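Participant: Place chain P on chain Y using the hints.
Number of protein chains: 2
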Amino acid sequence: MPSWNEGKTKHAIVDFVERVTSHSGADFVAPSQRIAVFDNDGCLWAEQPMYFQLAFAMDRIRALAAQHPEWMTKEPFASLLEGDVEAALAGGQHAVAEIVAVSHSGMTTDEFQRSVREWARIARHPTLKRRYVELVYQPMLELLRYLRASGFKTFIVTGGGVEFVRTLAEDIYGIPPEQVVGSVGKQQFEIRGSQPVLVKLPAVDFVDDKAGKPIGIQRFIGRRPIAAFGNSDGDLEMLKWTAAGPGAALALLVHHNDAQREWAYDRQSQVGRLDKALDEARANGWAVARMKEDWNTVFVDPKRHVG
Amino acid sequence: MPSWNEGKTKHAIVDFVERVTSHSGADFVAPSQRIAVFDNDGCLWAEQPMYFQLAFAMDRIRALAAQHPEWMTKEPFASLLEGDVEAALAGGQHAVAEIVAVSHSGMTTDEFQRSVREWARIARHPTLKRRYVELVYQPMLELLRYLRASGFKTFIVTGGGVEFVRTLAEDIYGIPPEQVVGSVGKQQFEIRGSQPVLVKLPAVDFVDDKAGKPIGIQRFIGRRPIAAFGNSDGDLEMLKWTAAGPGAALALLVHHNDAQREWAYDRQSQVGRLDKALDEARANGWAVARMKEDWNTVFVDPKRHVG
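If you read the sequences in order, they're chains Y and P.
According to this note's numbering, the residues represented by the first sequence are 1 to 307, in order.
According to this note's numbering, the residues represented by the second sequence are 1 to 307, in order.
Okay, chain Y solo, but in the shape it has when bound (with noise of 0.2 Å):
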């Protein structure tokens, strides 16, 4: 893991990938047990100045806009169309609620993966400039496969949607659909024509944030992890179910403390807010990865990395 600093964090990584997988140590735990689970947001990768599926479903109204004429007269679309994202979002979770739901049903699985996939080729980050997908945090790509080349199964517990994460994260990050656990949308089966297909309905089903993370672990994967990576306050009770596991177990936080090379942020912060879990992990001898002093690179290359 060539862009950790050596130090504690790496230390606490290292220490406890070679008890877990040392044969004859107390600590051994068998292959198909070695179950870890990353956040993705903040964790993976960046998630300022707004989630990158927030972004995504702003653009996909900015790209649907010409068919939908009547919303140039309704908000939170009429804000948005104009540029102005402050006052689109001034309505709160419900206009959150509307710009997701237009973005991300009335259409099926297939015409929305295309729509995700479209959108990561091209869409560039605000400030940095680069794509979003190449918004990866290297260090965390390298700890993904020290895990996997260590016999671990490396799953993602997102509080996005499980479609959107998934249409991305085995090019980014090696993960297959199957290891991606997320929010969930309600879905419809239908016969059109004489092809079956899924509809994406505009309802939520299931928020795999706060305590739906250890049970969308349950459900989606139905064995409780040993290595838990979060950032944010969103990940506490994932952190939690995975450290009191009956064996030795890891969690580790991402403190984004570094406002040089990407942003710094914790306990007041709107998006991915690190506050109680903070104490936690201080209280628990939780590992904290701090991004100004653990990283020695924070991004991908972009030059060596497909996305």
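Check the hints yourself; a few may be wrong.
Claimed, not checked - When the alpha-carbon atoms are kept at most 30 Å apart in a straight line, the in silico DSBU-like pairs for lysine-lysine are as follows:
1) Y:K303 x Y:K292
2) P:K10 x P:K186
3) Y:K186 x P:K186
4) P:K8 x P:K292
5) Y:K153 x Y:K303
6) Y:K210 x P:K186
7) Y:K153 x Y:K276
8) Y:K153 x Y:K186
9) Y:K10 x Y:K292
10) P:K276 x P:K153
11) P:K303 x P:K129
12) P:K292 x P:K10
13) P:K186 x Y:K153
14) Y:K210 x Y:K8
15) Y:K186 x P:K153
16) Y:K10 x Y:K153
17) Y:K276 x Y:K8
18) Y:K153 x Y:K74
19) Y:K186 x P:K276
20) P:K153 x Y:K153
21) Y:K276 x P:K8
22) Y:K210 x Y:K186
23) Y:K186 x P:K210
24) P:K153 x P:K8
Said to hold, decoys possible - Non-contacting residues of chain Y with respect to chain P, defined by C-beta distances greater than 12 Å in every case (computed):
25) S3
26) A12
27) T21
28) F28
29) Q48
30) L81
31) G83
32) A95
33) S115
34) E118
35) A123
36) R145
37) F189
38) E190
39) E293
These are calculated hints, taken from the structure and not from any lab test.
This structure is a prediction, so every number in the text was calculated from the model and none was measured.
Glycine is no exception: its CB is placed at the ideal position from the N, C-alpha and C atoms.
Facilitator: Just chain P, lined up with the frame of chain Y:
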């Protein structure tokens, strides 16, 4: 696959596998896309005279009866405890729901798994006198192994409860928990003392049957299978979804036509009804494994199988 007789059905399986694994052929499928899904009841193990999970639920009621004197005067428990299963089930879906709720909820996921393991270790089928976990079809075990050896990832997609099937699937089929899709009950995350637990609630969240099967596949696996195996009308939508994929696909039904070695049932059966799906199989040229003609062995040899 020594337990499969030479003939059309075995040939259809082998021909399909050779086509999708042949690098030079037009039907080649990359290993990551080789997803095979199997129904469980009546496809991987038997399902007569009642789903084994219902037998587990009833045995569980009997085991808990001493702690519940009130059951002696309350249906469906009273009839069940008197040994009159038919009277207990006379209440239909409501009676079944009560029996399942009591036996499948109000405990932690760890406690539930222990109760399933304990039951599987000792419970025996009423007429075949073997342990339920020994009523696994030997030809299907060979098929699972053959597919895995050919680079497939094998999944169970069952109408049964996902926690029940996961507890047994790794030992009896070599299928890990994270590759079992099934019906899902609601759960709650709690801190008891200082320990986090997941508590099973008496409410069904998702029914993985009929149109629920392709939805469950999309939700848990996130990509369309290229091979699907079922035995009843509950599998019809899963077979259609699989068969309609863009490349080569295999859809297969197990037809229980062997009253001597197992059971013979199809269009009129209350358990595992095979009616519409049999017509669709004929209309679409899907493979049909006729137990009597296609299998020279039905059940696994318990001496050679751990369970």
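Participant: Now, for every hint given, state plainly whether the structure supports it.
Facilitator: Status of each hint after checking the structure:
1. The suggested pairing of K303 (chain Y) with K292 (chain Y) holds, with an alpha-carbon distance near 23 Å, which does not exceed 30 Å.
2. Taking the CA atoms of K10 (chain P) and K186 (chain P), the gap is near 40 Å; set against the 30 Å cutoff, the hint is violated.
3. A distance of roughly 16 Å separates the Cα atoms of K186 (chain Y) and K186 (chain P); the hinted pair therefore holds under the 30 Å criterion.
4. Restraint check: the Cα-Cα separation between K8 (chain P) and K292 (chain P) comes to about 14 Å, which is no more than 30 Å; the hinted pair holds.
5. Taking the CA atoms of K153 (chain Y) and K303 (chain Y), the gap is near 27 Å; set against the 30 Å cutoff, the hint holds.
6. About 16 Å separates the Cα atoms of K210 (chain Y) and K186 (chain P), which keeps this hinted pair within 30 Å; it holds.
7. For a cut-off of 30 Å, the pair hint linking K153 (chain Y) to K276 (chain Y) stands: about 28 Å separates their Cα positions.
8. Straight-line distance between C-alpha atoms of K153 (chain Y) and K186 (chain Y) comes to about 28 Å, which keeps the hinted pair within the 30 Å bound.
9. Simply put, K10 (chain Y) and K292 (chain Y) have alpha-carbon atoms about 14 Å apart, close enough for the 30 Å limit, and the pair holds.
10. In summary, the hint linking K276 (chain P) to K153 (chain P) is supported, as the alpha carbons are separated by about 28 Å, within the 30 Å threshold.
11. At roughly 15 Å between alpha-carbon atoms, K303 (chain P) and K129 (chain P) fall within 30 Å of each other, so this suggested pair holds.
12. Taking the CA atoms of K292 (chain P) and K10 (chain P), the gap is near 14 Å; set against the 30 Å cutoff, the hint holds.
13. Distance check on the hinted pair: K186 (chain P) and K153 (chain Y) sit about 26 Å apart at the alpha-carbon level, within 30 Å; holds.
14. The suggested pairing of K210 (chain Y) with K8 (chain Y) holds, with an alpha-carbon distance near 27 Å, which does not exceed 30 Å.
15. Restraint check for K186 (chain Y) and K153 (chain P): the C-alpha separation of about 26 Å stays at or below 30 Å, so the hint holds.
16. Between K10 (chain Y) and K153 (chain Y), the direct Cα distance comes to roughly 20 Å. Compliance with the 30 Å bound is thereby established for this hinted pair.
17. Between the alpha carbons of K276 (chain Y) and K8 (chain Y) the distance comes to roughly 22 Å, so the proposed pair stays at or under 30 Å and holds.
18. Our distance criterion of 30 Å between C-alpha atoms is broken by K153 (chain Y) and K74 (chain Y), whose separation comes to about 46 Å.
19. Restraint check for K186 (chain Y) and K276 (chain P): satisfied, since their Cα atoms lie roughly 26 Å apart, inside the 30 Å limit.
20. Taking the CA atoms of K153 (chain P) and K153 (chain Y), the gap is near 14 Å; set against the 30 Å cutoff, the hint holds.
21. Taking the CA atoms of K276 (chain Y) and K8 (chain P), the gap is near 62 Å; set against the 30 Å cutoff, the hint is violated.
22. Our distance criterion of 30 Å between C-alpha atoms is met by K210 (chain Y) and K186 (chain Y), whose separation comes to about 20 Å.
23. With a C-alpha separation of about 16 Å, the suggested pair K186 (chain Y) and K210 (chain P) falls inside the 30 Å cut-off, and the hint holds.
24. Proximity of K153 (chain P) to K8 (chain P) is assessed by CA-CA distance (about 24 Å); at most 30 Å being required, the pair is judged to hold.
25. Residue placement check: S3 (chain Y) keeps its beta carbon more than 12 Å from all beta carbons of chain P (closest about 26 Å).
26. The claim that A12 (chain Y) lies off the interface holds: its Cβ sits roughly 21 Å from the closest Cβ of chain P, which is beyond the 12 Å cut-off.
27. With a closest Cβ-Cβ approach of about 18 Å to chain P, T21 (chain Y) is found to remain outside the 12 Å limit, as its non-interface label requires.
28. With a least CB separation of 18 Å from chain P, F28 (chain Y) remains clear of the 12 Å interface cut-off, as annotated.
29. Every Cβ of chain P is farther than 12 Å from the Cβ of Q48 (chain Y); the closest lies at roughly 27 Å, confirming the non-interface assignment.
30. With a cut of 12 Å on Cβ distances, L81 (chain Y) stays outside the contact zone with chain P, its closest approach being about 32 Å.
31. Consistency note on G83 (chain Y): stated as away from chain P, and its beta-carbon is indeed over 12 Å from all of that chain's, at 34 Å minimum.
32. Residue-level check passed: A95 (chain Y) sits 27 Å from the nearest beta carbon of chain P, beyond 12 Å.
33. Distance to chain P confirms S115 (chain Y) as a non-interface residue, since its nearest Cβ pair spans about 16 Å, more than 12 Å.
34. Every Cβ of chain P is farther than 12 Å from the Cβ of E118 (chain Y); the closest lies at roughly 18 Å, confirming the non-interface assignment.
35. Chain P leaves A123 (chain Y) outside its interface by the beta-carbon criterion, the shortest separation being 22 Å against a cut-off of 12 Å.
36. No beta-carbon of chain P is positioned within 12 Å of the beta-carbon of R145 (chain Y); the least distance is around 17 Å.
37. The Cβ of F189 (chain Y) does not lie farther than 12 Å from every Cβ of chain P; its closest approach is about 4 Å, which violates its non-interface assignment.
38. Non-interface call for E190 (chain Y) relative to chain P: violated, since the shortest CB-CB distance, roughly 9 Å, does not exceed 12 Å.
39. No beta-carbon of chain P comes within 12 Å of the beta-carbon of E293 (chain Y); the shortest separation is about 30 Å.
The earlier numbered hints that this structure contradicts are 2, 18, 21, 37 and 38.
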